[in-house]
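Engineer: Residue strings, one per chain:
2 protein chains.
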Amino acid sequence: MSRQPRRALRLRRVAIDTYRENVAYLHRQCPAYRAEGFQALAKVEVSANGRRVIAVLNVVDDARIVAPGELGLSEQAFAQLGGRAGQALRIRHAEPPASMDAVRRKIGGERLDPADYAAIIRDITANRYSKTEIGAFLVATGQTEMDRDEVLALARAMVDSGERLDWQEPLVADKHCIGGIPGNRTSLLVVPIVAAHGMLIPKTSSRAITSPAGSADTMEVLAAVALPLERLRRIVRKERGCIAWGGTARLAPADDLLISVERPLSLDSQGQMVASILSKKVAAGSTHLLIDLPVGPTAKVRHMREAQRLRKLFEYVALQLGLHVQVVITDGRQPVGRGIGPVLEARDVLQVLQGDPAAPPDLRQKALRLAGRVLEFDPDVRGGDGFPIARDILDSGRALAKMNAIVDAQGRREDWLRLGRLRFEVGAPAAGYVIGIDNLQLARIARLAGAPMAKGAGVELRRKLGDRVRRGEPLYRVYAEFPADREFARALAARDCGYAIGRRAEAPRAFVEI
Amino acid sequence: MSRQPRRALRLRRVAIDTYRENVAYLHRQCPAYRAEGFQALAKVEVSANGRRVIAVLNVVDDARIVAPGELGLSEQAFAQLGGRAGQALRIRHAEPPASMDAVRRKIGGERLDPADYAAIIRDITANRYSKTEIGAFLVATGQTEMDRDEVLALARAMVDSGERLDWQEPLVADKHCIGGIPGNRTSLLVVPIVAAHGMLIPKTSSRAITSPAGSADTMEVLAAVALPLERLRRIVRKERGCIAWGGTARLAPADDLLISVERPLSLDSQGQMVASILSKKVAAGSTHLLIDLPVGPTAKVRHMREAQRLRKLFEYVALQLGLHVQVVITDGRQPVGRGIGPVLEARDVLQVLQGDPAAPPDLRQKALRLAGRVLEFDPDVRGGDGFPIARDILDSGRALAKMNAIVDAQGRREDWLRLGRLRFEVGAPAAGYVIGIDNLQLARIARLAGAPMAKGAGVELRRKLGDRVRRGEPLYRVYAEFPADREFARALAARDCGYAIGRRAEAPRAFVEI
Numbered sequence: 372m373s374r375q376p377r378r379a380l381r382l383r384r385v386a387i388d389t390y391r392e393n394v395a396y397l398h399r400q401c402p403a404y405r406a407e408g409f410q411a412l413a414k415v416e417v418s419a420n421g422r423r424v425i426a427v428l429n430v431v432d433d434a435r436i437v438a439p440g441e442l443g444l445s446e447q448a449f450a451q452l453g454g455r456a457g458q459a460l461r462i463r464h465a466e467p468p469a470s471m472d473a474v475r476r477k478i479g480g481e482r483l484d485p486a487d488y489a490a491i492i493r494d495i496t497a498n499r500y501s502k503t504e505i506g507a508f509l510v511a512t513g514q515t516e517m518d519r520d521e522v523l524a525l526a527r528a529m530v531d532s533g534e535r536l537d538w539q540e541p542l543v544a545d546k547h548c549i550g551g552i553p554g555n556r557t558s559l560l561v562v563p564i565v566a567a568h569g570m571l572i573p574k575t576s577s578r579a580i581t582s583p584a585g586s587a588d589t590m591e592v593l594a595a596v597a598l599p600l601e602r603l604r605r606i607v608r609k610e611r612g613c614i615a616w617g618g619t620a621r622l623a624p625a626d627d628l629l630i631s632v633e634r635p636l637s638l639d640s641q642g643q644m645v646a647s648i649l650s651k652k653v654a655a656g657s658t659h660l661l662i663d664l665p666v667g668p669t670a671k672v673r674h675m676r677e678a679q680r681l682r683k684l685f686e687y688v689a690l691q692l693g694l695h696v697q698v699v700i701t702d703g704r705q706p707v708g709r710g711i712g713p714v715l716e717a718r719d720v721l722q723v724l725q726g727d728p729a730a731p732p733d734l735r736q737k738a739l740r741l742a743g744r745v746l747e748f749d750p751d752v753r754g755g756d757g758f759p760i761a762r763d764i765l766d767s768g769r770a771l772a773k774m775n776a777i778v779d780a781q782g783r784r785e786d787w788l789r790l791g792r793l794r795f796e797v798g799a800p801a802a803g804y805v806i807g808i809d810n811l812q813l814a815r816i817a818r819l820a821g822a823p824m825a826k827g828a829g830v831e832l833r834r835k836l837g838d839r840v841r842r843g844e845p846l847y848r849v850y851a852e853f854p855a856d857r858e859f860a861r862a863l864a865a866r867d868c869g870y871a872i873g874r875r876a877e878a879p880r881a882f883v884e885i
Numbered sequence: 372m373s374r375q376p377r378r379a380l381r382l383r384r385v386a387i388d389t390y391r392e393n394v395a396y397l398h399r400q401c402p403a404y405r406a407e408g409f410q411a412l413a414k415v416e417v418s419a420n421g422r423r424v425i426a427v428l429n430v431v432d433d434a435r436i437v438a439p440g441e442l443g444l445s446e447q448a449f450a451q452l453g454g455r456a457g458q459a460l461r462i463r464h465a466e467p468p469a470s471m472d473a474v475r476r477k478i479g480g481e482r483l484d485p486a487d488y489a490a491i492i493r494d495i496t497a498n499r500y501s502k503t504e505i506g507a508f509l510v511a512t513g514q515t516e517m518d519r520d521e522v523l524a525l526a527r528a529m530v531d532s533g534e535r536l537d538w539q540e541p542l543v544a545d546k547h548c549i550g551g552i553p554g555n556r557t558s559l560l561v562v563p564i565v566a567a568h569g570m571l572i573p574k575t576s577s578r579a580i581t582s583p584a585g586s587a588d589t590m591e592v593l594a595a596v597a598l599p600l601e602r603l604r605r606i607v608r609k610e611r612g613c614i615a616w617g618g619t620a621r622l623a624p625a626d627d628l629l630i631s632v633e634r635p636l637s638l639d640s641q642g643q644m645v646a647s648i649l650s651k652k653v654a655a656g657s658t659h660l661l662i663d664l665p666v667g668p669t670a671k672v673r674h675m676r677e678a679q680r681l682r683k684l685f686e687y688v689a690l691q692l693g694l695h696v697q698v699v700i701t702d703g704r705q706p707v708g709r710g711i712g713p714v715l716e717a718r719d720v721l722q723v724l725q726g727d728p729a730a731p732p733d734l735r736q737k738a739l740r741l742a743g744r745v746l747e748f749d750p751d752v753r754g755g756d757g758f759p760i761a762r763d764i765l766d767s768g769r770a771l772a773k774m775n776a777i778v779d780a781q782g783r784r785e786d787w788l789r790l791g792r793l794r795f796e797v798g799a800p801a802a803g804y805v806i807g808i809d810n811l812q813l814a815r816i817a818r819l820a821g822a823p824m825a826k827g828a829g830v831e832l833r834r835k836l837g838d839r840v841r842r843g844e845p846l847y848r849v850y851a852e853f854p855a856d857r858e859f860a861r862a863l864a865a866r867d868c869g870y871a872i873g874r875r876a877e878a879p880r881a882f883v884e885i
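So the sequence lines, in the order shown, correspond to chains Y and V.
So the first sequence is numbered by this note's numbering: it starts at 372 and just counts up by one.
So the second sequence is numbered by this note's numbering: it starts at 372 and just counts up by one.
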């Protein structure tokens with residue numbers, strides 16, 4: 372706080388993408404400001420023609436990056452300031468954002484009120500928080516530190532932080548899985564089934580961050596997913612559905628900032644998850660939401676009682692937000708389908724759509740069950756009729772036709788549907804029955820093999836829970852595109868193949884009927 | 372975790388000082404790696420000839436910073452890798468440090484054991500933690516989240532993280548204030564008094580980060596403080612004392628990293644404070660430590676019961692670390708002395724040393740009291756004799772002579788003892804008695820005026836608690852070196868001058884005898 376404008380600096384754009392954190396670059400020999408003095412408190416406020424941005428300060432000793440008398444801004448900070456290179460600007464020590472007081476109160480164990488959450492999310496959205504400050508907020512509100520009204524306040528604040536789509540229809544359906552189960556690509560089946568029924572289902576999703584594939588990554592194998600909002604609107608109006616990447620709209624942008632810190636930290640907070648999912652859906656204009664909540668020993672939610680608690684939290688917050696929500700607790704004991712990785716998962720999806728006898732039955736069954744529940748959002752569909760309607764849409768080929776129409780509308784691509792050419796198999800260490808499959812370990816192996824960036828990389832399961840295997844018989848095959856990836860995946864699978872083999876009676880019971 | 376070495380990159384040194392965080396720069400068009408893929412998970416592991424560093428990845432679009440095929444490292448990361456420009460290296464996704472599991476357990480409310488703290492501090496010292504991860508650790512262990520054995524484990528781990536000085540003497544004294552009281556420069560009096568007595572007192576301290584002056588900043592007005600360790604040893608051997616900046620030795624380096632995150636976050640954790648102070652002192656080779664613990668409504672510690680709890684925590688941890696500690700609870704209701712800011716505080720100190728009748732009596736009294744307690748660490752000094760011995764050393768001029776000898780040994784400078792030429796006074800808003808002085812607000816005003824970077828800037832108090840004032844009579848004078856600083860300080864003082872005026876009986880009682 373002690374440094375004030377003294378002399379103007381000249382703005383320079385520094386072509387460094389600092390990934391959701393503003394950075395300012397000041398030459399050590401700057402004639403106007405003592406660079407080191409600013410650095411200890413980490414942040415400066417940069418102002419030019421009435422606009423201000425907060426940035427972390429880096430000190431530079433290379434005039435090719437910034438010269439003395441210049442202030443460089445990283446790409447994002449430069450865009451936020453909206454200035455032009457060479458213009459005059461001033462800097463001063465940035466005060467910590469005022470709402471950090473509330474974060475400190477939360478660290479101290481206090482309950483925060485809606486105005487606190489609104490102020491925090493406003494400051495985060497305005498990029499006034501450093502990543503470290505965001506991390507402090509996440510830890511302070513993590514685990515079970517927020518009660519349900521605090522989760523609601525956080526969700527409301529996040530909705531208000533960005534734009535809100537309006538599809539101008541009374542029923543806008545969506546589905547969402549809380550994640551953690553590899554191969555769980557039901558969205559690519561639910562969307563065409565529901566859209567073929569005529570219900571509006573504009574599905575936007577994020578790319579995989581820590582998993583081997585997300586819906587957007589898998590859809591990208593078949594079609595373009597990064598579409599401008601206006602084009603998305605036209606597609607949805609015509610086809611009643613889409614499967615696109617949500618990054619092009621500014622929906623709950625604070626949530627993206629929180630996630631950019633939360634994921635690398637591997638923090639897992641139910642309150643934050645509920646606020647994040649529901650705020651994104653409300654901002655995306657959904658009115659009816661189905662949530663897939665898998666339970667299993669290596670799923671995100673490991674016990675039924677925890678799933679019930681989480682379900683009630685979803686229901687309470689959604690109710691207050693005016694969003695109709697249905698939570699379906701599903702079997703999360705093992706990956707869904709056979710493929711893990713974008714191309715492998717796309718292949719599973721296409722087999723189900725095409726009625727291929729080789730299609731993975733669990734993926735088909737789960738997708739029909741979820742689609743049926745979404746269809747029952749329609750007031751004209753009787754309770755229990757959703758499943759047979761969905762099955763009929765799928766088996767008649769109408770879902771496949773709808774998927775083809777959506778793929779064509781988004782922009783079909785065929786060049787990516789190619790499996791990695793480097794392969795190896797992992798065999799059973801003993802004879803017996805498959806009594807456990809570790810979702811996390813299989814996801815790790817698929818990621819090491821190159822997924823999701825190498826679209827054709829991943830894991831293809833040959834055996835699932837309850838299957839009998841002989842010693843050495845292949846449990847799964849790994850696909851990679853690069854030799855180094857294959858070797859890393861091979862080493863990890865050799866350390867722990869992710870399968871447990873035992874007696875038939877030892878297989879874990881399903882948490883739900885399937 | 373999914374990206375592996377494919378093709379070697381060439382190392383480039385990027386002259387950007389990223390302040391205690393490693394950053395790697397990769398061109399977006401890098402032929403070997405897909406830059407965006409790495410960015411979401413925030414960190415990469417860079418390896419070359421057997422050494423590895425972890426760095427946050429920034430993506431670059433300017434070949435003058437790094438060209439495609441190059442990997443740039445920020446100054447600190449480059450030094451850590453110990454490579455040479457142009458050499459081949461490989462990168463891969465960095466796994467989060469293994470000890471982050473323990474941090475997540477702590478976030479979940481578990482108690483950590485010594486092995487957890489050792490692993491966390493080892494990873495932090497090896498720069499495997501991002502600032503965000505350090506922040507998560509600080510929040511998780513903040514407030515009263517650590518019990519006293521956890522504080523001890525953290526302190527031990529921090530001592531073990533760096534070097535440890537050995538002065539080869541049985542009694543190495545030190546004093547430390549927990550901070551928060553402006554003008555509290557007793558170290559510059561205690562050190563010469565104690566050293567003049569012949570007791571070893573090698574005082575190293577940090578620079579001010581969030582306060583208007585630290586001991587090192589104030590001493591720097593009189594003498595050089597950034598001294599190589601060998602030179603410091605020679606000075607201490609000859610003069611029995613020094614007042615230097617501690618940054619040149621690698622003492623408890625993990626503590627520096629924690630502080631670099633903690634201060635900008637303004638986190639305040641008693642456990643972390645105790646571990647930080649005691650680990651630094653043990654690493655610095657101290658055997659006997661006096662702690663000044665001020666209590667007051669705007670001090671760090673606001674209530675006597677809290678002070679007692681903190682005292683016991685200091686005592687318990689110090690005992691286990693083999694450090695003899697004495698905690699003295701002092702009056703923290705208002706700033707000590709008259710000056711706030713390096714030059715103003717140095718002037719107060721010199722007046723006391725010179726026996727100037729204008730010297731601030733509270734600074735003299737407090738310094739004598741603390742020095743007396745330090746002298747009583749000497750087995751030959753009877754309990755209660757410390758104060759008169761200290762007074763005798765001060766009044767006889769021996770403390771001044773010792774200070775001059777230390778200043779000469781460290782390298783005298785006289786050019787900096789100059790007050791800021793821009794001044795203004797703040798008058799009493801009403802007639803009455805001074806019943807409150809806000810330490811935090813006065814510190815803020817002094818910082819806005821330019822302290823500690825502008826050495827001659829700060830606040831000179833004209834009235835203290837209990838003094839009578841007429842309306843408009845000056846409460847204090849502000850010094851600045853730059854017009855903008857003066858105006859910022861003036862605006863802040865106009866908003867809240869930091870003084871409360873009332874009836875005599877309203878003045879807060881001292882928490883301790885003075």
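One or more hints might be untrue.
Unchecked claim - Which chain Y residues face chain V? A few, computed with CB under 10 Å, are given here:
1. PRO668
2. TYR687
3. GLN691
4. HIS695
5. ALA865
Stated by the list, open to error - Derived DEER-like restraints, expressed as beta-carbon distance ranges:
6. Y/ARG784 / V/GLU466: 27 to 35 Å
7. V/GLY453 / Y/GLY618: 52 to 60 Å
8. Y/GLY618 / V/GLU686: 20 to 28 Å
9. Y/GLY618 / V/ALA862: 50 to 58 Å
10. V/ARG792 / Y/SER637: 40 to 48 Å
11. V/PRO728 / Y/ALA497: 52 to 60 Å
12. V/ARG792 / Y/ASP484: 45 to 53 Å
13. Y/ARG381 / V/ALA865: 46 to 54 Å
14. V/PRO800 / Y/SER418: 25 to 33 Å
15. V/SER577 / Y/ILE580: 36 to 44 Å
16. V/GLU686 / Y/ALA497: 39 to 47 Å
17. Y/ARG842 / V/GLU534: 32 to 40 Å
18. Y/ALA497 / V/GLY453: 56 to 64 Å
19. V/GLU534 / Y/ALA450: 19 to 27 Å
The hints are simulated quantities; they were obtained by calculation from the structure and are not laboratory data.
Everything numeric in this text was worked out from a predicted model, so none of it was measured.
Backbone N, C-alpha and C define an ideal beta-carbon position, used for all residues, glycine too.
Engineer: Hints numbered earlier in the text: which of these fail when held up against the supplied structure?
Structural biologist: 1, 2, 3, 4, 5, 7, 8, 9, 10, 13, 17, 18, 19
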